[in-house]
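Protein chains: 2
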Amino acid sequence: MQAPTLYRQLAEHYLSAIRHGTLATGDRMPSVRKLMQLHEVSLSTALQMCRYLEAEGWLEARPRSGYFVRQPRRIRLAPALEPKPATVIDPAQFVGIHERVSSIIAQGQRPVKINLARATGAPDLYPHKQLRQLASSLLRQYPLLLTKAISPGGNRDLKSALAKRALDVGISTSADEVIVTNGCIEALNLALRAVAHAGDVIAVESPTFYGLLQVLESLGMKALEIPTSPSTGISLEALELAMQTYDNIKAVVVVPHLQNPLGSIMPDSHKQRLVTLCEAKNIPLIEDDSYSALANGDKIPTAAKHWDQTGNVIYCASLHKILAPGLRLGWMLGGRWQARISMFKYAQTRYNEELSQLIAATFLQSSSYDRHLRKLRTTLTQQREKMAEGIATYFPEGTRLTMPDGGVSVWVEMPPQVSSRAVFDAALRQDILVSPGLLYSNSNRFDHFLRLNCGTHYSHELEEALGVLGRIVLDLARIKKVASA
Amino acid sequence: MQAPTLYRQLAEHYLSAIRHGTLATGDRMPSVRKLMQLHEVSLSTALQMCRYLEAEGWLEARPRSGYFVRQPRRIRLAPALEPKPATVIDPAQFVGIHERVSSIIAQGQRPVKINLARATGAPDLYPHKQLRQLASSLLRQYPLLLTKAISPGGNRDLKSALAKRALDVGISTSADEVIVTNGCIEALNLALRAVAHAGDVIAVESPTFYGLLQVLESLGMKALEIPTSPSTGISLEALELAMQTYDNIKAVVVVPHLQNPLGSIMPDSHKQRLVTLCEAKNIPLIEDDSYSALANGDKIPTAAKHWDQTGNVIYCASLHKILAPGLRLGWMLGGRWQARISMFKYAQTRYNEELSQLIAATFLQSSSYDRHLRKLRTTLTQQREKMAEGIATYFPEGTRLTMPDGGVSVWVEMPPQVSSRAVFDAALRQDILVSPGLLYSNSNRFDHFLRLNCGTHYSHELEEALGVLGRIVLDLARIKKVASA
Ligand SMILES: Cc1ncc(COP(=O)(O)O)c(C=O)c1O
Ligand SMILES: Cc1ncc(COP(=O)(O)O)c(C=O)c1O
Numbered sequence: 001m002q003a004p005t006l007y008r009q010l011a012e013h014y015l016s017a018i019r020h021g022t023l024a025t026g027d028r029m030p031s032v033r034k035l036m037q038l039h040e041v042s043l044s045t046a047l048q049m050c051r052y053l054e055a056e057g058w059l060e061a062r063p064r065s066g067y068f069v070r071q072p073r074r075i076r077l078a079p080a081l082e083p084k085p086a087t088v089i090d091p092a093q094f095v096g097i098h099e100r101v102s103s104i105i106a107q108g109q110r111p112v113k114i115n116l117a118r119a120t121g122a123p124d125l126y127p128h129k130q131l132r133q134l135a136s137s138l139l140r141q142y143p144l145l146l147t148k149a150i151s152p153g154g155n156r157d158l159k160s161a162l163a164k165r166a167l168d169v170g171i172s173t174s175a176d177e178v179i180v181t182n183g184c185i186e187a188l189n190l191a192l193r194a195v196a197h198a199g200d201v202i203a204v205e206s207p208t209f210y211g212l213l214q215v216l217e218s219l220g221m222k223a224l225e226i227p228t229s230p231s232t233g234i235s236l237e238a239l240e241l242a243m244q245t246y247d248n249i250k251a252v253v254v255v256p257h258l259q260n261p262l263g264s265i266m267p268d269s270h271k272q273r274l275v276t277l278c279e280a281k282n283i284p285l286i287e288d289d290s291y292s293a294l295a296n297g298d299k300i301p302t303a304a305k306h307w308d309q310t311g312n313v314i315y316c317a318s319l320h321k322i323l324a325p326g327l328r329l330g331w332m333l334g335g336r337w338q339a340r341i342s343m344f345k346y347a348q349t350r351y352n353e354e355l356s357q358l359i360a361a362t363f364l365q366s367s368s369y370d371r372h373l374r375k376l377r378t379t380l381t382q383q384r385e386k387m388a389e390g391i392a393t394y395f396p397e398g399t400r401l402t403m404p405d406g407g408v409s410v411w412v413e414m415p416p417q418v419s420s421r422a423v424f425d426a427a428l429r430q431d432i433l434v435s436p437g438l439l440y441s442n443s444n445r446f447d448h449f450l451r452l453n454c455g456t457h458y459s460h461e462l463e464e465a466l467g468v469l470g471r472i473v474l475d476l477a478r479i480k481k482v483a484s485a
Numbered sequence: 001m002q003a004p005t006l007y008r009q010l011a012e013h014y015l016s017a018i019r020h021g022t023l024a025t026g027d028r029m030p031s032v033r034k035l036m037q038l039h040e041v042s043l044s045t046a047l048q049m050c051r052y053l054e055a056e057g058w059l060e061a062r063p064r065s066g067y068f069v070r071q072p073r074r075i076r077l078a079p080a081l082e083p084k085p086a087t088v089i090d091p092a093q094f095v096g097i098h099e100r101v102s103s104i105i106a107q108g109q110r111p112v113k114i115n116l117a118r119a120t121g122a123p124d125l126y127p128h129k130q131l132r133q134l135a136s137s138l139l140r141q142y143p144l145l146l147t148k149a150i151s152p153g154g155n156r157d158l159k160s161a162l163a164k165r166a167l168d169v170g171i172s173t174s175a176d177e178v179i180v181t182n183g184c185i186e187a188l189n190l191a192l193r194a195v196a197h198a199g200d201v202i203a204v205e206s207p208t209f210y211g212l213l214q215v216l217e218s219l220g221m222k223a224l225e226i227p228t229s230p231s232t233g234i235s236l237e238a239l240e241l242a243m244q245t246y247d248n249i250k251a252v253v254v255v256p257h258l259q260n261p262l263g264s265i266m267p268d269s270h271k272q273r274l275v276t277l278c279e280a281k282n283i284p285l286i287e288d289d290s291y292s293a294l295a296n297g298d299k300i301p302t303a304a305k306h307w308d309q310t311g312n313v314i315y316c317a318s319l320h321k322i323l324a325p326g327l328r329l330g331w332m333l334g335g336r337w338q339a340r341i342s343m344f345k346y347a348q349t350r351y352n353e354e355l356s357q358l359i360a361a362t363f364l365q366s367s368s369y370d371r372h373l374r375k376l377r378t379t380l381t382q383q384r385e386k387m388a389e390g391i392a393t394y395f396p397e398g399t400r401l402t403m404p405d406g407g408v409s410v411w412v413e414m415p416p417q418v419s420s421r422a423v424f425d426a427a428l429r430q431d432i433l434v435s436p437g438l439l440y441s442n443s444n445r446f447d448h449f450l451r452l453n454c455g456t457h458y459s460h461e462l463e464e465a466l467g468v469l470g471r472i473v474l475d476l477a478r479i480k481k482v483a484s485a
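In order, the protein sequences belong to chains A and B.
Number 43 in full-length UniProt numbering belongs to position 43 of the first sequence; there are no gaps in the numbering.
Number 76 in full-length UniProt numbering belongs to position 76 of the second sequence; there are no gaps in the numbering.
Warning: the hint list may mix true and false statements.
Since copy identity is lost for identical chains, a pair holds within one copy or between any two.
What the hints assert, rightly or not - Below, simulated DSS-like cross-link-like pairs (lysine-lysine); rule was C-alpha separation at most 25 Å, straight line: (1) Lys281 <-> Lys375; (2) Lys148 <-> Lys113; (3) Lys299 <-> Lys164; (4) Lys375 <-> Lys299; (5) Lys375 <-> Lys164; (6) Lys129 <-> Lys34; (7) Lys375 <-> Lys84; (8) Lys164 <-> Lys84; (9) Lys129 <-> Lys250; (10) Lys148 <-> Lys375; (11) Lys375 <-> Lys129; (12) Lys148 <-> Lys281; (13) Lys281 <-> Lys129.
Simulated from the structure, these hints should not be mistaken for lab results.
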């Protein structure tokens with residue numbers, strides 16, 4: 001990992017001033033000469049910095065007057081709406097999300113030019129070179145790794161490394177308690193199977209990621225969708241009301257940090273109240289913490305599990321989005337259901353392959369992991385902002401947008417008459433894959449939303465794709481208006 | 001893979017004559033001079049061959065008379081018994097195999113000196129060097145393999161290679177239909193979830209491998225144990241009777257080839273009748289074909305799926321025991337439930353990691369795979385025979401033994417008063433791990449059985465371990481006799 005060049009460091013300094021409002025839109029930047037004095041840099045560094053920020057859309061050059069802070073276009077987009085009042089609760093619905101998902105997934109499985117449907121970053125955002133080197137050296141170090149029986153209970157080194165990393169999110173646990181899984185998705189399956197049965201009702205955020213709805217349907221469980229705020233996450237009032245209304249809720253599943261698709265982050269006070277509420281009602285809480293390491297800032301948000309005193313919280317996490325999308329590594333802490341979950345894991349898929357576990361263990365134990373995360377967060381922040389600019393440029397008036405404090409996606413609300421399925425189909429014909437909002441609920445409430453990936457380097461091609469998408473949305477908005485006029 | 005040396009080729013020739021009875025016990029071998037003439041080999045080669053067969057226990061040297069064919073000790077052990085008449089059928093039992101298995105597995109998870117509990121061969125029986133080289137070269141060829149999103153639907157090359165290999169067991173299918181899983185165990189989970197629900201009854205072989213009993217229990221399904229012959233597999237009469245008696249059997253699961261733990265191989269006519277029977281009763285048949293490539297002979301047995309005309313057979317298999325115990329690769333063909341199973345697989349664990357799939361794909365496409373299997377079968381045959389010799393030498397009278405036509409285990413019936421749990425405990429105190437018969441049924445019927453692994457090179461240490469085991473069994477047999485006298 002090379003250190004950022006001088007001009008990039010300087011740019012970060014001014015960007016941060018702009019983001020925090022210290023430098024407002026229309027403000028004049030210090031002159032190049034002034035910059036040289038202030039920061040003791042060369043002319044060329046000062047100029048490079050200004051040109052860079054201009055290219056990134058944060059400054060504009062006015063002839064003979066110097067550089068001025070510019071309003072990013074995305075400011076013109078309205079933020080995502082808060083959900084309807086807490087009293088509105090969907091009844092448990094079970095409309096066959098499988099079929100929807102299957103048909104969308106099947107179509108999305110051919111290679112496309114621009115893939116905006118992913119929930120991971122591009123391959124080169126992850127430490128591919130280091131992981132590859134680790135793989136080769138581990139294969140040399142353990143020549144029988146691929147043909148010897150996998151060590152029972154999961155790889156010890158990985159479990160220790162994960163237990164140590166859990167401290168960063170406020171969880172103190174031990175290697176023995178870590179259960180390594182095939183991604184967070186297996187962890188969610190195991191957690192749900194441990195606490196509930198077919199026919200039971202499970203409270204989930206709304207919107208929530210289709211993977212969870214699919215797991216519930218495949219297990220014969222019913223999703224009860226609880227209104228969720230794009231800024232503070234699941235509505236605790238709505239959840240409490242739901243618990244009073246339905247007596248067969250057998251678990252609550254939440255993604256407290258960088259919720260998929262909203263990107264919301266629950267305030268600590270909410271997480272604490274949620275843990276207490278579930279505890280009081282004797283309803284297990286399943287925490288899906290797949291994304292927290294991608295939250296802005298140097299301190300990873302504290303897990304809800306941190307406030308768990310009685311083992312009522314099952315903690316599920318993943319390395320898939322933060323370390324290596326090519327490895328199927330997730331992990332969990334089973335709380336009161338630890339023994340049951342361990343056994344289910346063994347009965348379901350046995351233990352994970354050793355090589356992947358060792359690669360991850362070695363990398364997690366090193367400071368390279370911290371460096372990787374810092375760099376990844378910075379890159380993603382830039383890319384989210386550029387995507388937002390692009391969306392603001394090309395999407396029609398009335399579009400709303402979340403700007404999450406981290407993560408790999410933004411959540412776009414299109415004009416209400418635009419169907420995300422129609423956008424999906426039209427975009428695919430132009431070799432662009434998007435993730436339509438209809439996947440994120442058993443209801444039709446999010447049919448005019450799109451989740452767009454920000455994990456790819458913002459290129460000319462990507463900008464063009466946003467142009468194409470914008471036109472598709474615009475056309476659909478007009479046709480619908482005419483049809484209904 | 002190097003070609004066998006001349007003396008080993010010659011030894012194989014005579015071994016085969018002995019096995020087929022062309023050379024009977026007590027027969028005199030051709031003299032060394034005669035061997036030289038007959039096979040046009042040197043004196044040293046002829047001598048090496050005789051000494052090798054002597055060391056392996058097949059010949060004995062009599063002073064001044066030459067070499068004579070010797071009766072292997074194991075001939076003195078009675079073969080495994082046929083099951084009780086078909087009329088005896090256990091009611092569906094659900095005694096909590098999980099607990100038994102958990103406690104046994106937990107104890108077996110610390111490293112031991114001699115591990116006879118495995119269902120795989122030793123690491124060096126598999127092509128570790130070639131697989132390692134493949135891994136390194138694939139990582140060079142695809143530098144982003146570990147950090148890019150896994151290709152949806154499973155790796156195409158592996159699916160093609162498996163579809164092609166399926167021809168060897170008489171199944172004609174296409175790459176599209178192959179579902180890659182985390183070992184055969186995940187395939188069994190998916191198959192059962194696709195065709196049955198909690199509370200349903202599933203007919204299984206008795207004894208059967210504990211993994212299956214565990215899967216059933218974890219899914220809330222009930223095992224109906226059908227008597228199974230050590231030579232011809234599941235009793236079709238008993239199964240048919242069960243189908244008449246119970247109207248809630250929702251699936252039949254069988255391991256037609258090298259059944260675990262019996263080692264039985266169903267005759268083709270039985271497999272065909274089984275397929276027809278399940279079809280007629282409209283009960284899905286789940287075929288677990290994990291071991292067929294380890295069956296003696298150059299022709300892999302034909303899968304029951306071969307006779308399936310209507311998609312009523314779900315075929316599950318694995319590379320775990322035949323190619324690489326370090327890879328968690330299984331696969332399946334979903335028959336009529338293909339779409340449902342694909343979706344369940346996606347919802348349960350997503351797709352398998354790409355690197356492992358590519359390693360396996362590349363190796364399966366080469367003739368190295370065939371050479372590996374041939375060598376593995378030969379090695380295992382020798383090792384099974386030596387284990388049988390050892391058991392015959394050290395175990396008490398009244399011991400019975402299966403001698404399966406392939407595979408990695410033998411199934412030992414001890415005197416009826418000996419508890420396999422007691423043997424397990426005593427052996428573990430001496431750092432030897434065995435697989436106790438009580439794991440292989442929800443009943444107590446196999447409590448005086450052991451499954452012993454033959455996948456490890458027969459060493460002096462291993463022989464000593466068999467000596468220790470023999471004494472343990474002998475002691476337990478005596479104590480029990482005294483106690484009951
Ligand atoms: C919130 C959330 N949980 C779990 C998963 C699945 O994670 P994994 O790939 O680790 O199985 C995803 C993937 O999209 C996700 O967004
Ligand atoms: C008959 C049988 N089926 C399935 C399995 C599990 O296979 P895998 O390791 O491929 O998951 C085993 C392993 O012992 C087995 O003996």
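Hints and how they fare:
1. Lys281 <-> Lys375: neither (42 Å within a copy, 61 Å between copies)
2. Lys148 <-> Lys113: between (41 Å within a copy, 15 Å between copies)
3. Lys299 <-> Lys164: For Lys299 and Lys164, the Cα distance is within 25 Å only inside one copy (15 Å; across copies 52 Å).
4. Lys375 <-> Lys299: Within one copy only: 14 Å inside a chain, 56 Å across chains, cut-off 25 Å.
5. Lys375 <-> Lys164: within (21 Å within a copy, 45 Å between copies)
6. Lys129 <-> Lys34: Cα proximity of Lys129 and Lys34: none, with 40 Å in one copy and 63 Å across.
7. Lys375 <-> Lys84: Classified as neither; 37 Å inside a copy, 68 Å across copies.
8. Lys164 <-> Lys84: Classified as neither; 40 Å inside a copy, 55 Å across copies.
9. Lys129 <-> Lys250: Classified as neither; 44 Å inside a copy, 50 Å across copies.
10. Lys148 <-> Lys375: Classified as between; 18 Å across copies, 36 Å inside a copy.
11. Lys375 <-> Lys129: This pair counts as within: shortest intra-copy Cα distance 15 Å, inter-copy 37 Å.
12. Lys148 <-> Lys281: neither (47 Å within a copy, 42 Å between copies)
13. Lys281 <-> Lys129: neither (48 Å within a copy, 56 Å between copies)
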